[in-house]
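Trainee: For reference, the chains in residue letters:
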Amino acid sequence: MLSISNLGVTFTQYDQGLRRKQLAVITDLDLDVKAGEVVAVVGASGSGKSLLAHALLGILPENAALSGTMRFKGEILTPERCRALRGKTIALIPQSIGYLDPLMTVGGQVQRVAQLAGRAKAEASASVSKTFARYNLSETVRDRYPFQLSGGMARRVLVSTAVVTQAQLVIADEPTPGLHPDVVVETLNHLRELAVEGRGVILITHDIEAALQIADRVAVFYAGTTVEIAAAKDFLSGNLRHPYTQALWRSLPQNEFIPVPGNQPSPEQLPVGCLFSDRCDWVSETCTAERPQLRELRSGWVRCVHAKG
Amino acid sequence: MRIKALLIGATIFAAQKLLRLGLLLIAVAVFTFVLLSLSPIDPVKAYIGADMMQISPEQQALIAERWGLDQPIWSRFLDWLGQLLQGNMGTSLVFNQPVSQVIALRFQASLQMLAIAWFLSGLLGLGLGIIAGALQGRWIDRLIRLYAYTLASSPTFWVALLLLIVFAVSFKVAPICCAAPPGVLSGNVTFWQHLHHLLLPAVALSIIGIANITLHTRQKLIDVLHSDYVLFAQAQGESLWNIIRYHGFRNILLPAITLQFASLSELFGGSVLVEQVFAYPGLGEATVQAALRSDIPLLVGIVFFSALFVYTGNTLADLAYPLIDPRIQLGGQRSL
Chain A
1 MLSISNLGVT FTQYDQGLRR KQLAVITDLD LDVKAGEVVA VVGASGSGKS
51 LLAHALLGIL PENAALSGTM RFKGEILTPE RCRALRGKTI ALIPQSIGYL
101 DPLMTVGGQV QRVAQLAGRA KAEASASVSK TFARYNLSET VRDRYPFQLS
151 GGMARRVLVS TAVVTQAQLV IADEPTPGLH PDVVVETLNH LRELAVEGRG
201 VILITHDIEA ALQIADRVAV FYAGTTVEIA AAKDFLSGNL RHPYTQALWR
251 SLPQNEFIPV PGNQPSPEQL PVGCLFSDRC DWVSETCTAE RPQLRELRSG
301 WVRCVHAKG
Chain B
1 MRIKALLIGA TIFAAQKLLR LGLLLIAVAV FTFVLLSLSP IDPVKAYIGA
51 DMMQISPEQQ ALIAERWGLD QPIWSRFLDW LGQLLQGNMG TSLVFNQPVS
101 QVIALRFQAS LQMLAIAWFL SGLLGLGLGI IAGALQGRWI DRLIRLYAYT
151 LASSPTFWVA LLLLIVFAVS FKVAPICCAA PPGVLSGNVT FWQHLHHLLL
201 PAVALSIIGI ANITLHTRQK LIDVLHSDYV LFAQAQGESL WNIIRYHGFR
251 NILLPAITLQ FASLSELFGG SVLVEQVFAY PGLGEATVQA ALRSDIPLLV
301 GIVFFSALFV YTGNTLADLA YPLIDPRIQL GGQRSL
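Protein chains in written order, with UniProt numbering: chain A, 1 to 309; chain B, 1 to 336.
Derived from the structure by calculation, the hints contain no laboratory data.
Do not rely on the hints blindly, as some may be mistaken.
Across the chosen pairs, the derived CB separations fall in these ranges [as the list claims (entries may be wrong)]:
1) A:Lys34 to B:Trp241: 31 to 39 angstroms
2) A:Gln293 to B:Leu146: 24 to 32 angstroms
3) A:Arg83 to B:Ile3: 22 to 30 angstroms
Mimicking SDA-like on lysine to any residue, the simulated pairs with C-alpha atoms at most 25 angstroms apart in a straight line are [claimed, not checked]:
4) A:Lys88 to B:Val288
5) A:Lys21 to B:Gln136
6) A:Lys88 to A:Lys233
7) A:Lys88 to B:Gln136
8) A:Lys121 to B:Gln193
9) A:Lys130 to B:Tyr246
10) A:Lys121 to B:Ile12
11) A:Lys233 to A:Glu37
Taking beta-carbon pairs under 8 angstroms as the criterion, some of the chain B residues facing chain A (in silico) [unchecked claim]:
12) Ala10
13) Ala14
14) Phe232
15) Gln234
16) His247
17) Arg250
18) Asp325
Fair warning: this is a prediction, and the values are worked out from it, not measured in the lab.
For glycine and all other residues, C-beta sits at the position ideal for the given N, C-alpha and C.
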């Protein structure tokens, strides 16, 4: 349904003295999503997860330049096509209730989303009723303002915004942090349901555990690039390919709880070779000379020359 | 439950407001009285005026005694406050009429001008601010900002003079002064003549408010357009102007209303200058006359009236908040 290859996002900034500066925040990013599947995108902050969502929706700031190709249903996603598809075929589930207008009733806002997706007013209203009923939100919730919702209700309202559009691709941006464990499970189940209905779901998160509960595949981002795409079961069976993914997995509390030393390279000073080379135990001259290509390995994908079959 | 909470909130709000109004008026009374007592104006001289030479010092002392001017300041103050509480604001020396009557009459004339100026500055300010904020950085935004900065830094009386020179002297489309054509009885002035005389002073007055409201609205709209909820609206495919219609407008309305009602005091102050330039017989012009001719009762009356006027404006703004933002409740109570 969606395939992204070699996506690059570069910001042009002006330094002191009007010196132009190029910030490569995303380089060589690859991802593919099929209908009916949940693909989790995991990575630390600054790894380009949210920017990927913004690029897909065409809501990057004006000083951003795109390179590489994004295809949706086989056709290239140009900025114009992004604008035409967003809110109709591609929908975003935002991070928090802060993404709703504080001065508009939630019913009004969800109805507006339905209308933007191309429904007539009455039909939109009916679809809001249906969706709210599906998520156990009573009719009175429609007249409430965002500040009057509980955490769980807020999540269900946000999921409703994607459901009323009948979008085929749903991007959930960090839907779980700061929530009660029950609400996390509930939210994840709602996302899984969306995939069962035949939609493609991209789950953007830094919480690997949450991702593994519902994802079919996991794409690991590092400093704006895809280092590995693995099946969810590969994590538990130890079938991981990239040293960063392995280190990330080891750093979880229930595993060895060993932190990954060092930091992601800054987009101002990206290394010439592999982006992970300065933190990698396997590093060799080939790694620092040029960027490795993404290659298929053990029915997954990895961007590392040393990973063995 | 909800209605009961609302009633309690409204009662607390009204009680707080009345208490504050009382304190404010007492403070205004004390300050005005003390300042005027210390001023070089001699009430006896101001009362007698040009006939001063014909009145002997003994007679002057007699008047002073009759007025209680030989009493200590606090006893005079209490005396005066007692009269004021009974609604007696005294008689204007300049107009030879009760102060309350002068203020009522003059304010009627000013009110229309203030109202037109207020609506004009509010609407134009909001409109220009929205256009500038939505098209931030474009040439139209630069143009509006240049206009706003220029207006903000020009003195009102100078703008008023300029308008007079252009529209009344050069183009001769507006009258040069007053509230009605000269030589016409006030009963015979038509509505259009009235409006004709009102418009130029009102426009001059509105110019004070426009710049302020434009620049604040622009900044607030820029903040709103960079908010998360606008980003989400963009992700839903909402266009810029619809974002402003559905999300921007309501969110910038609150600061705009605060400003709009706060600008009442500036308008009131501005009317003093503008009415002087246009020789418009309103309350502002009466203020100047009262001050120049030592008409203490009228001056004090106007001070009280303007305090009340500005306070009412701010209270109206407070009342408007909960209508726009459901998170704000009268009396400081939050509903959940």
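Trainee: Which of the listed hints are broken here?
Mentor: 2, 3, 4, 6, 7, 8, 10, 12 and 13
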